[in-house]
Structure formats: C-alpha cells, structure tokens
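Each chain, written out:
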Amino acid sequence: MDTRGEVLGVLDDVLSLKGRSASFRDDMTLMSGLPELDSMAVANVLTALEERFGFTIDDDEIDASTFETVGTLVEFVRRKRAA
Amino acid sequence: MTIVQEAFYLPVDDGRCFAVYRAPHADARATMLHLPAFGDEMNKARAMTACAARAFAHAGVAVLQVDWEGCGDSSGEHRDATLARWVANARAALTWLRARHPDVSPPWLWALRAGALIAAPLIAQRSDVPLLLWQPVVNGKQYLMQLLRLKAAGAWASARGDASSTKALRARLASGEVLEIGGYDVSPALADELEAATFALPVEHTGPVIWLEVSSSAHASMSAAATAAAHVAAVKTKTIAGPGFWQSVEIERCDELVAQSSSLVAETLDAVRRAGAVL
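Heads up: the sequence lines are chains A and B, in that order.
At position 62 of the first sequence the residue is numbered 62 (our numbering), and the sequence of numbers has no breaks.
At position 155 of the second sequence the residue is numbered 155 (our numbering), and the sequence of numbers has no breaks.
Because the hints were derived from the structure by calculation, they are not lab data.
Source: prediction; values computed, not measured.
Any given hint could turn out to be false.
[Stated by the list, open to error] No farther apart than 20 Å at their CA atoms in a straight line, the calculated lysine to aspartate or glutamate pairs in the DMTMM-like style are these: (1) B:Lys167 x A:Asp63; (2) B:Lys141 x A:Asp60; (3) B:Lys141 x A:Glu61; (4) A:Lys18 x B:Asp255; (5) B:Lys151 x A:Glu36; (6) B:Lys151 x A:Asp2; (7) A:Lys18 x B:Glu256; (8) B:Lys141 x A:Asp59; (9) A:Lys18 x B:Glu250; (10) B:Lys44 x B:Asp14; (11) A:Lys18 x B:Glu252; (12) B:Lys141 x A:Asp26; (13) B:Lys238 x A:Asp2; (14) B:Lys167 x A:Asp59; (15) B:Lys151 x A:Asp38; (16) B:Lys238 x A:Glu6; (17) B:Lys151 x A:Glu61; (18) B:Lys167 x A:Asp60; (19) B:Lys167 x A:Glu61; (20) B:Lys151 x A:Glu6; (21) B:Lys141 x A:Asp38; (22) B:Lys167 x A:Asp58; (23) B:Lys141 x B:Glu177; (24) B:Lys151 x A:Asp58.
[What the hints assert, rightly or not] Simulated restraints on C-beta separations: (25) A:Asp38 x B:Glu195: 23 to 29 Å; (26) B:Ala230 x A:Ile62: 17 to 23 Å; (27) A:Arg25 x B:Thr198: 37 to 43 Å; (28) B:Thr2 x A:Asp63: 55 to 61 Å; (29) B:Arg170 x A:Phe55: 17 to 23 Å; (30) B:Pro106 x A:Thr29: 49 to 55 Å; (31) A:Thr29 x B:Arg253: 30 to 36 Å; (32) B:Val104 x A:Asp60: 47 to 53 Å; (33) B:Ala230 x A:Arg81: 18 to 24 Å; (34) B:Asp80 x A:Asp2: 23 to 29 Å.
Built from N, CA and C at the ideal position, the CB exists for glycine as well.
Model the full structure from these sequences, guided by the hints.
Written out as structure tokens, the structure is:
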C-alpha cells in the first residue's frame with residue numbers, strides 16, 4: 001500500500017474533495033488551509049484511517065501538529081504503520 | 001419479476017420487532033436476513049438498504065429486515081439494548097425465515113457496518129452460512145472509541161484533553177453512566193459488549209463470502225481486514241466507487257453497490273446450483 005496515496009484517498013473520501021487531493025503537496029496546510037476539516041471531520045478522518053490501515057489511534061497520540069500539513073499527517077500514518 | 005412486500009411485528013422474547021419482508025412472487029432461490037448498522041449509521045442507511053432489499057427480491061432472494069429491540073418502531077428502549085439481545089432478535093428472525101422457506105437453507109446474512117458484530121456469533125455456530133458484507137466493522141473496541149470520539153470531537157477545538165476525551169467518556173460508562181451518543185443512549189453494558197466484539201472469518205468457514213467496501217475514489221485498495229480475510233477463506237472482495245451513505249450528512253445512495261451486490265449474489269447462487277447439479 002502506498003501510504004501517501006492512501007492518506008490522500010481517505011481525505012478525499014471523508015471530506016468529499018472530488019479528486020482535489022491529487023494536487024495536494026506535502027507542505028499544504030490542512031487545519032488552516034482546508035475549510036472542510038472541522039473537528040467532526042477530523043474525527044471521521046481518524047476513523048477512516050483506522051479502518052483502512054487496521055491500527056488504533058489514541059487521543060493522546062494526536063495534537064494540532066498531526067493535522068498541520070499533508071506531510072505531517074502522512075508521516076504520522078507512516079509511523080503508526082511501522083509501529 | 002414482481003415482488004411482495006409485507007411489514008409486520010416479529011414476536012421476540014418479551015417484545016416485538018418491526019420487520020419488513022420482501023420476496024419474489026415466484027419461489028425464492030435463497031433467503032437473506034439483513035443485519036443493520038447501529039445508531040445513526042442505521043438511520044442514514046435506511047433508504048439504501050430498502051432499495052437493495054427490493055433489488056435482491058427482484059433477483060429471486062427473499063429478504064427480511066428487522067429493527068432490533070430498542071431501535072426504530074420495535075419495542076424497548078435503546079438504553080436497555082445489548083448485543084446479546086440483538087443476537088437473540090436475529091436468531092428469532094432466522095427462525096421465521098426458515099419456517100417460511102423450509103426447503104431453502106441456510107439464510108444469507110447481509111451485514112452493514114457494525115451488523116458484522118452480530119454476524120460473528122451466528123457464523124461461529126454454522127460454517128456454511130453465505131455472507132454479504134458491506135463495509136463491515138471488524139473491531140468492536142475500535143468502533144466504540146470511534147463513537148466516543150465523535151461525541152468528544154465537538155469539544156476538541158476549545159479544550160483539548162479535558163473531561164470530554166474518549167478516555168474520560170469511557171470512564172463515565174465504566175462508572176455506570178448511560179451516555180447519549182449522536183441521539184442514541186449507549187448503556188455501560190452495551191459499551192462493554194461492543195468493546196469485546198470482533199468480526200473475523202473462522203478458518204473453517206465454508207460458505208461463500210462477498211466483502212464489499214465503498215470509496216469515492218474508484219482505485220482505492222481494500223482495507224487491511226478485507227485483505228487478511230481473503231487469505232483465510234474464499235472471499236470475493238471488491239471496492240465500489242460511491243458515497244459513504246452510512247455516514248454522509250445528507251441521505252445518499254450508492255446504486256453501484258446495489259447493482260454489484262445483486263449480480264455477485266446471483267453469480268454465487270448460480271455457482272452453487274451448478275455444483276449441486278454435478279454432484
């Protein structure tokens with residue numbers, strides 16, 4: 001599985017971006033750059049990541065920096081998958 | 001093929017469950033019990049599952065849909081609901097289907113989302129049950145945390161790590177409090193059962209399994225759980241392009257999922273009949 005591609009796919013699904021995620025660069029800001037990403041959407045993104053990759057995310061593993069940019073979110077998922 | 005539709009109350013232990021039965025006018029090729037999603041996901045999916053049940057009936061399958069106790073128009077309150085009761089409701093529904101179609105057996109189980117957690121104890125008893133799985137929840141503990149996270153999410157922006165974290169919500173359940181999550185009361189007993197529930201295909205499962213997942217991107221890969229299941233048993237897996245109708249804000253339908261399910265079920269029944277003819 002290509003982690004970056006999968007993460008972008010999850011964002012696209014949950015936020016109904018209709019393919020816009022394909023043009024996202026790693027330094028693109030998520031929390032301040034994507035109006036679709038409110039707290040409920042964050043919860044849904046975490047849920048979708050858990051179900052797609054089969055890992056569990058604890059509250060205290062995530063903070064504002066996790067969703068700072070596309071790159072930080074992909075890196076977070078890479079670390080979870082490697083753990 | 002014309003179909004018949006009946007709505008009725010299915011008597012269960014100390015109550016009654018609202019049920020809808022849809023079947024072909026002619027003899028049914030197979031029977032099927034729907035195991036609905038939980039809570040708001042069931043609500044969001046109602047239009048979709050009704051549409052699918054009609055399609056399956058047109059394809060020759062007699063389909064029974066039941067609201068478990070504490071859900072929809074059935075007796076009881078959601079706060080009194082337990083997985084054990086819902087499994088007992090499902091058993092009563094299966095008994096009804098078998099009585100109605102004594103020569104067609106065993107009934108298919110068609111599970112959506114957390115409905116798979118109800119399927120688990122049923123397939124543990126019978127390895128030849130045919131399964132149709134729609135985006136199944138395989139890990140009850142994770143699912144419970146996801147429910148709690150949705151409740152907690154509202155408070156995240158303002159105060160992080162306060163009394164509304166998922167851990168704090170879980171502790172409130174553990175202390176005996178009933179929590180309202182998305183409009184549905186979840187009791188400590190139901191939370192404990194969910195936490196312990198899993199769905200996995202037993203290695204000895206012999207019945208056909210169709211495992212479908214929905215993604216808005218047509219080229220998405222299957223979940224880790226589906227990939228793992230396909231290693232254990234003969235599982236047909238497929239990703240369908242469409243909206244996540246069980247969680248969307250507006251009521252949505254995924255017609256492609258209905259079409260693919262109908263044709264895969266029909267294909268499976270054809271293959272079973274051919275195998276029977278050879279024997």
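Task: Non-conforming hints, listed in increasing numerical order - done: 6, 10, 12, 20, 21, 26 and 34
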